[in-house]
Amino acid sequence: MDGLIRDRAGVAAFLESVRGAPFLALDTETSGLDPHLEKLLLIQFGTAEKQALVDAQAVDADTVRSIFRDHLVVMHNATFDLKMLAATYGDALHLEEAQIADTQNAEKLLRNGRKTDHLLQGFALKVLAERYAGMELDKSIRQGFFGIQSVTDLSPAELLYAARDVEATWKVFARQLEELERDGLLKVLAIEGAASVAFADLELKGAPIDKEAWKKQLDEAKSGSAQARKALDKEFWTVADRDLFGGTTLNYESDEEILGALKKLGLTLESTRREVLVASGHPAALAVAEYREHQKIVSTYGDAFLAFIHKKTGRLHPRFNAIGATTGRVSCSEPNLQNIPSGSAFRACFRAPPGRKLITADYSGAELRILAEASGDPVFIDTFRRGGDLHAIVAERLFKKPVNKHENPELRARAKAINFGLVYGMGAQGLANQLGVRLDEAERLLEAYFRAFPKIRDYLGESARQALKRGMAETMAGRRFWLTDLRRDGRDEGTLTRIAKNMPIQGTNADITKLAMARMYQAFRRGGVDAFLVNTVHDELVVEAAESVAEEAKAIVIREMRSAGAEFVKRVPMDVDAQLGDTWTK
DNA sequence: ATCTGTGGCGCG
DNA sequence: AAAGCGCGCCACAGAT
Numbered sequence: 001m002d003g004l005i006r007d008r009a010g011v012a013a014f015l016e017s018v019r020g021a022p023f024l025a026l027d028t029e030t031s032g033l034d035p036h037l038e039k040l041l042l043i044q045f046g047t048a049e050k051q052a053l054v055d056a057q058a059v060d061a062d063t064v065r066s067i068f069r070d071h072l073v074v075m076h077n078a079t080f081d082l083k084m085l086a087a088t089y090g091d092a093l094h095l096e097e098a099q100i101a102d103t104q105n106a107e108k109l110l111r112n113g114r115k116t117d118h119l120l121q122g123f124a125l126k127v128l129a130e131r132y133a134g135m136e137l138d139k140s141i142r143q144g145f146f147g148i149q150s151v152t153d154l155s156p157a158e159l160l161y162a163a164r165d166v167e168a169t170w171k172v173f174a175r176q177l178e179e180l181e182r183d184g185l186l187k188v189l190a191i192e193g194a195a196s197v198a199f200a201d202l203e204l205k206g207a208p209i210d211k212e213a214w215k216k217q218l219d220e221a222k223s224g225s226a227q228a229r230k231a232l233d234k235e236f237w238t239v240a241d242r243d244l245f246g247g248t249t250l251n252y253e254s255d256e257e258i259l260g261a262l263k264k265l266g267l268t269l270e271s272t273r274r275e276v277l278v279a280s281g282h283p284a285a286l287a288v289a290e291y292r293e294h295q296k297i298v299s300t301y302g303d304a305f306l307a308f309i310h311k312k313t314g315r316l317h318p319r320f321n322a323i324g325a326t327t328g329r330v331s332c333s334e335p336n337l338q339n340i341p342s343g344s345a346f347r348a349c350f351r352a353p354p355g356r357k358l359i360t361a362d363y364s365g366a367e368l369r370i371l372a373e374a375s376g377d378p379v380f381i382d383t384f385r386r387g388g389d390l391h392a393i394v395a396e397r398l399f400k401k402p403v404n405k406h407e408n409p410e411l412r413a414r415a416k417a418i419n420f421g422l423v424y425g426m427g428a429q430g431l432a433n434q435l436g437v438r439l440d441e442a443e444r445l446l447e448a449y450f451r452a453f454p455k456i457r458d459y460l461g462e463s464a465r466q467a468l469k470r471g472m473a474e475t476m477a478g479r480r481f482w483l484t485d486l487r488r489d490g491r492d493e494g495t496l497t498r499i500a501k502n503m504p505i506q507g508t509n510a511d512i513t514k515l516a517m518a519r520m521y522q523a524f525r526r527g528g529v530d531a532f533l534v535n536t537v538h539d540e541l542v543v544e545a546a547e548s549v550a551e552e553a554k555a556i557v558i559r560e561m562r563s564a565g566a567e568f569v570k571r572v573p574m575d576v577d578a579q580l581g582d583t584w585t586k
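In this text, residue positions in the first sequence follow the numbering used here: the first is 1, and each later residue adds one.
Note that these hints are calculated values from the structure, not bench results. Treat each hint with caution, since some may be false.
[Unchecked claim] Distance windows between CB atoms, simulated:
#1 S271 x E462: 46 to 52 Å
#2 G266 x A413: 33 to 39 Å
#3 R559 x G490: 46 to 52 Å
#4 G343 x E552: 39 to 45 Å
#5 D138 x R487: 23 to 29 Å
#6 D489 x G266: 38 to 44 Å
#7 G343 x G527: 17 to 23 Å
#8 D489 x D138: 32 to 38 Å
#9 E220 x E567: 40 to 46 Å
[As the list claims (entries may be wrong)] Pairs of lysine to any residue, SDA-like flavour, derived with a Cα cap of 20 Å:
#10 K115 x E540
#11 K108 x K455
#12 K39 x V18
#13 K50 x K39
#14 K263 x F245
#15 K187 x T313
#16 K211 x A345
#17 K216 x S342
#18 K187 x S563
#19 K50 x K187
#20 K205 x T313
#21 K416 x I393
#22 K171 x V18
#23 K211 x T326
#24 K234 x D255
#25 K211 x K296
#26 K171 x G343
#27 K586 x R519
#28 K455 x G376
#29 K263 x V276
Quick reminder that beta carbons are idealized off the backbone N, C-alpha and C, glycines included.
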């Protein structure tokens with residue numbers, strides 16, 4: 001016999017034999033990577049000593065659910081396995097009740113910012129198994145799994161390999177646990193684990209997109225680009241060669257060629273960045289900027305983007321990298337749904353299917369509220385508690401003039417620039433550039449700002465000083481970013497200081513948003529509410545819901561986002577703006 | 001033909 | 001073009 005478990009009794013007997021284990025490791029083998037097209041073949045789980053191999057097609061959801069019932073379940077790159085499990089067994093798995101930990105995320109948390117002190121680089125299980133358990137994993141065997149349609153086609157060698165992955169994952173996590181505890185990372189690991197289920201659901205369900213509406217928007221950008229290109233040909237007509245079709249032979253995508261052609265027109269620029277082009281005021285430079293604007297849309301959000309629409313679901317299923325940034329932020333790719341133009345109509349092309357709605361919810365001024373919490377500044381705290389306009393209040397204190405919707409809006413804009421710049425560790429020179437004022441004026445503004453808000457100055461200064469001293473910056477959930485290797489690589493102190501100031505703020509925002517995702521997922525499932533996440537953009541969550549429960553879903557979104565915020569930010573409310581509509585808004 | 005680094009620019 | 005943080009994608013340029 002092949003030793004495979006094919007029924008509920010077999011799984012129950014195995015679970016009984018590992019009842020006292022502190023956690024179980026789990027892995028799956030699939031016929032491929034796409035949960036909508038491929039099959040789950042095998043579920044392997046167990047401990048370092050013993051592993052069960054389960055024929056995934058032979059057991060039901062409730063049987064698989066029992067694996068998760070009494071144990072923390074550890075996976076390497078959990079989102080992938082959870083996605084395959086959810087696609088195979090559906091809601092009956094009740095993953096919202098599962099406790100998950102991920103060895104890959106654990107390693108990212110432990111190494112964040114550090115080049116590994118080992119010879120082996122990367123976060124693959126093979127690497128961790130060798131590093132933590134001295135195990136050699138032969139990943140070449142896995143090639144044989146692709147395209148296999150039944151678990152009975154797996155050879156004994158392949159089954160052995162599958163079991164060894166469980167053993168390795170278990171041993172790796174056992175060792176990681178000690179380090180995670182030592183570094184105070186267990187809390188953030190738990191947040192990541194809970195969020196991994198939400199990420200699996202998010203990737204599996206995907207985002208709904210109106211392809212025809214998108215194409216229409218794209219066509220506008222295409223014609224804008226073509227028109228701008230004609231204008232470019234005119235501008236550069238005298239200094240460029242002609243092609244056979246009445247245009248120039250200039251490659252407008254080449255910065256080098258653009259700079260050369262501008263020079264022939266008597267304009268010498270240091271860069272082709274938009275700000276530089278516009279500042280020159282030269283008509284040819286302005287034409288380049290105009291062309292770029294349209295062409296950016298055409299190239300980034302054009303055919304390559306639409307090619308990501310899934311042939312089976314008709315939706316976009318991007319990859320969310322839960323720990324994509326050193327700060328703990330999520331990143332997104334294939335396609336990136338975190339950089340869709342916000343002022344344009346493209347966001348409105350994300351449209352709920354018939355009978356459904358989209359909820360767009362974002363934290364209002366998240367980073368400044370986190371700064372209020374961390375610094376304890378009384379004006380910041382009072383303003384946020386009252387629901388006041390912080391930028392206006394800051395402007396009034398700074399400029400001693402009334403600032404509101406009707407009076408002195410330019411002063412509010414200045415205050416806003418300082419408020420946001422501070423979070424990034426901006427200095428006087430940066431502020432001068434931002435506001436277009438002289439350096440000495442920017443210096444005076446910053447001085448006045450810190451006189452008015454000494455606690456902000458003290459917090460930012462002390463936070464960065466401590467971080468540089470410890471060689472590590474930390475968020476409110478205990479997520480860490482080690483600065484030591486950056487310093488060794490020769491990053492200057494100014495840059496290190498800015499990173500040290502920003503990481504705890506940006507990273508705490510990430511902690512909160514991920515906790516909100518996890519709680520929201522659980523609340524929808526436990527409440528039997530037909531609603532799920534379709535996008536996450538740093539301080540914003542987009543949820544799709546059945547029309548009949550959309551208002552209820554919206555209330556849950558707001559409640560869970562606020563409560564997740566309150567977990568860390570206690571002195572001011574983490575207010576949420578939420579909108580219910582047919583499309584992604586703002 | 002494919003890889004890597006860079007400039008530029010979309011987002012928070 | 002930058003003494004303002006964090007991403008991913010496009011196109012080019014130079015390398016293999």
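| message | Need the status of pair K187, S563: alpha-carbon distance at most 20 Å? | response | OK: K187 and S563 at ~17 Å, within 20 Å.
| message | Taking the Cβ atom of S271 and the Cβ atom of E462, is their distance within the range 46 to 52 Å? | response | 37 Å, violated
| query | Under the criterion that the straight-line Cα-Cα distance not exceed 20 Å, is the pair K586, R519 satisfied? | reply | Violated, at roughly 24 Å.
| query | Can the restraint linking K171 and G343 be considered satisfied, given a maximum Cα separation of 20 Å? | reply | It is violated: about 49 Å lies between the C-alpha atoms, which goes past 20 Å.
| message | Next pair to validate is K50 with K39; report whether the Cα-Cα distance is within 20 Å. | response | 25 Å, violated
| Straight-line Cα separation of K39 and V18 no greater than 20 Å? | 28 Å, violated
| field | Restraint check for K171 with V18, where alpha carbons must lie at most 20 Å apart | value | 15 Å, holds
| For the pair supplied as a hint, K216 and S342, is the alpha-carbon distance within the 20 Å limit? | 17 Å, holds
| Quick one, are K108 and K455 close enough, alpha carbons at most 20 Å? | 33 Å, violated
| said: For a C-alpha distance cap of 20 Å, please report whether K263 and F245 respect it. | reply: Not satisfied, since the Cα-Cα distance of roughly 25 Å exceeds 20 Å.
| request: Look at the Cβ atoms of R559 and G490 and judge whether their distance stays inside 46 to 52 Å. | output: 47 Å, holds
| Distance restraint evaluation - D489, G266, Cβ atoms, bounds 38 to 44 Å | 42 Å, holds
In the structure shown, a violation is registered for the earlier hints numbered 1, 4, 5, 7, 10, 11, 12, 13, 14, 15, 19, 23, 26 and 27, in ascending order.
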